[in-house]
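Here is what each chain is made of, one letter per residue.
There are 2 protein chains.
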Amino acid sequence: MHTIALNATHDPSARSWVASAQAEGTDFPIQNLPYAVFRRRGEDAARWRLGVAIGDQIVDLRAVAARAPWHGNAAQALQAAAADSRLNALMALGSEAASALRRALFDALREGAAQQAVTPADLVPQADAEYDVPARIGDYTDFYTSIHHATNIGRQFRPDQPLLPNYQWVPIGYHGRASSVVVSGQSFRRPVGQSMPPGSAQPQFGASRRLDIELELGVFIGAGNALGEPVPLDAAEDHVFGLCLLNDWSARDLQGWEYQPLGPFLSKNFATTVSPWVVTMEALAPYRTAWDRPQDHPQPLPYLESAHNRAAGAFDIQLQVDLSTPRMRSAGAADATICRTSYRHAYWTLAQMVTHHTVNGCNLQPGDLLGTGTLSGPTLDQAGALIELTLGGKQPLQLPDGEQRVFLEDGDRVTLRGWCERSGAARIGFGACAGEVLPARSI
Amino acid sequence: MHTIALNATHDPSARSWVASAQAEGTDFPIQNLPYAVFRRRGEDAARWRLGVAIGDQIVDLRAVAARAPWHGNAAQALQAAAADSRLNALMALGSEAASALRRALFDALREGAAQQAVTPADLVPQADAEYDVPARIGDYTDFYTSIHHATNIGRQFRPDQPLLPNYQWVPIGYHGRASSVVVSGQSFRRPVGQSMPPGSAQPQFGASRRLDIELELGVFIGAGNALGEPVPLDAAEDHVFGLCLLNDWSARDLQGWEYQPLGPFLSKNFATTVSPWVVTMEALAPYRTAWDRPQDHPQPLPYLESAHNRAAGAFDIQLQVDLSTPRMRSAGAADATICRTSYRHAYWTLAQMVTHHTVNGCNLQPGDLLGTGTLSGPTLDQAGALIELTLGGKQPLQLPDGEQRVFLEDGDRVTLRGWCERSGAARIGFGACAGEVLPARSI
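Protein sequences, first through last, are from chains A and B.
Take the first sequence: its position 345, counted from the start at 1, is 345 in my numbering, and no numbers get skipped.
Take the second sequence: its position 152, counted from the start at 1, is 595 in my numbering, and no numbers get skipped.
One or more of the hints may lead you astray.
Label pairs and their in silico Cβ distance ranges [to be verified]:
| id | chain 1 | residue 1 | chain 2 | residue 2 | range |
| --- | --- | --- | --- | --- | --- |
| 1 | B | Arg601 | A | Leu438 | 35 to 45 Å |
| 2 | B | Gly468 | A | Gly206 | 24 to 34 Å |
| 3 | A | Ile443 | B | Thr732 | 40 to 50 Å |
| 4 | B | Thr732 | A | Ala46 | 39 to 49 Å |
Not close to chain B: a few residues of chain A, all C-beta gaps over 10 Å, as computed [said to hold, decoys possible]:
| id | residue |
| --- | --- |
| 5 | Leu6 |
| 6 | Pro69 |
| 7 | Glu130 |
| 8 | Ala178 |
| 9 | Gly199 |
| 10 | Met328 |
Hint data in this document are derived by calculation from the structure and do not stem from the laboratory.
Small disclaimer: the values here were computed from a predicted structure and weren't measured.
We treat Cβ as the ideally placed atom computed from N, Cα and C, and that holds for glycine.
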């Protein structure tokens, strides 16, 4: 087991020579150092390259690599990162290489550093950048790790049996669509498809009327496993590179009609939005917390059980969903926060997701994406989907100025945010994961 | 609409200067010309390249391309094919480029051709070759297009409601796992996982005891569509490169416990086997047939309906499943054929699969793989899975020499075969899609 211990890079008193890294409320202090794929706005596609966030700047890793400032693991990781246009090559090197690169970047960005390994000329303002999906995603798997979400949404689809008998035993997951994963800021069309109105004798065809969000975290796989070789629970996190925010947009009317017996398909695969910034497992180490399975629930089967997973398998990541309507924007109003919760409420841990996924021999590859599933907390204001927040569409959300929402309307913009804070540790954040609904294509 | 018409390459009297292309019962006469990714046995990974089957030989397209024998579309397609180690680049060029290359290869291989564009030195014996998965598969989607299979298997999982209400309206599909798609000849371990024995209060963990096959065709996407842009029904086949055989191995005990509410996951994603040879849409043109929806069934919604789809949307592809047990092999016995059927029985056509998949704006990419779902025909001996053939495990299959099978045992080898024959057309085939079950990894 390779558990990342706290080290100098987590020191909450550390400061950077990049002044904005000390700005009040920044997501990107020197203790974070997340990765993204970026280019300066307007550069051509060949210029997509890797960057690391520091304050309101991006460290251009290709520029740093041109000077080859380091040796050993850090140098190998830097060269792999700089040679690829996505995070895959760096991810494939595994957690020790990522850790070495983090340490080298931390030392180079620290207040008092010589500004030779990383120089001010290597910085690109985030305000001048645009982003792409961080990795070439081979496969995308979405889990269902919040028992609160599973119960809330199960109540809509199966009032007689909201929580199915397998839920407390199996970390339920299913395969999603990799090709339609888009990056924050990219808008998408409202999907068209079949739905079955209550009481109707035949389905209708048209634009979805129950377009929803799902507040999730995305988990990028680092080192893969060979086909046929399961990953034991205490090695699972060695296969995780880092986390991002993920919005699994969902058309509930399409979903209700299509999902049996093989699961959601067109109701989900029209778009999935991820944040550009991937926060590494090492950056998240200070915010680990105990994983708790209520005593009156079934306890996990042995392959999903370990002392480490019990003691520190969960992460206290604060999550928030903000909604902006066209009317709010034309009135100059701020976004309305419609949900606040934490990843710590998940019923299954990140390590349990990885181990369950591979227990049958299924192979994960660098850059593969896992979604946690909608991370609803125990109370209704902690629900991460509109179908929960509005009790299946029966109780509209009240927005400022008398506006209401049941499901998303055209022009609505949803922004997910995530951050970690804890006494004795720095506050780090995930940036934003935003998307806007365009009208359906005419049919 | 670009419908491939019959042309000189379909002439059943055409012969090749490669003598084995005229052998009785060959899958690969000059009218077929399917593509694979191959190397000579023992060559290193950098040598994976594209080949075209002719008789018992493979035309090495990289060797042909080195002489740049053609002009225009055929030359462009050949250079794209030769520069890639998988079929993706050729697939991305679309159906007209593939058609031009087919015509050029046909002319070069025809009896009496000058043997300058393709020479005997460009041929590699199939007996000396090994194969890889034909494309880098971005996403793999599995459909469920046989109503006979859906009814038979629904009876096992939901005796009270075998065929769900959406089946006759929606071409049901779900996302599968791309990373574990393997090529014919690769064996795989019996998967381990959770199942819920009847009457038990808690799940058990161990090797699957109900390991099954699924006889399917695989559909490789050629030219893709942009995110947000649906593919109309009469353009759908322009986005298909060709077909292969596909065995969607399934662990029924894992499936029964895990599949609700999000669909099959670990019960399917441990291995999916495809044949190395991809038969192009143009080669399949002579075997088109009318698509028939029984009058007393719901007729398709308009987006899934067209005159062309009615007249010629189905394909009469003969399919067969052969089983070989260790005891049969040690006795020198031939494989036992356990199923014979045809793709013409499918409830939804290939074009309907593509159009439904994209109607919500989902983007398909070159090299993506669609499975048809298990292609069971109307009678029980036409069923493409053991769970159907054995009535859910209650009626064992009788094999030669008194041996029986309910589900697969370790060492069992399953081979799928497919071919087309029709009066006035050549007989063409798909080769073999074989896999062997290895014992489960010890736990």
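Hint-by-hint comparison with the structure:
no.: 1; hint: B:Arg601 / A:Leu438: 35 to 45 Å; verdict: holds (39 Å)
no.: 2; hint: B:Gly468 / A:Gly206: 24 to 34 Å; verdict: violated (51 Å)
no.: 3; hint: A:Ile443 / B:Thr732: 40 to 50 Å; verdict: violated (30 Å)
no.: 4; hint: B:Thr732 / A:Ala46: 39 to 49 Å; verdict: holds (47 Å)
no.: 5; hint: Leu6; verdict: holds (34 Å)
no.: 6; hint: Pro69; verdict: holds (32 Å)
no.: 7; hint: Glu130; verdict: holds (17 Å)
no.: 8; hint: Ala178; verdict: violated (5 Å)
no.: 9; hint: Gly199; verdict: holds (13 Å)
no.: 10; hint: Met328; verdict: holds (25 Å)
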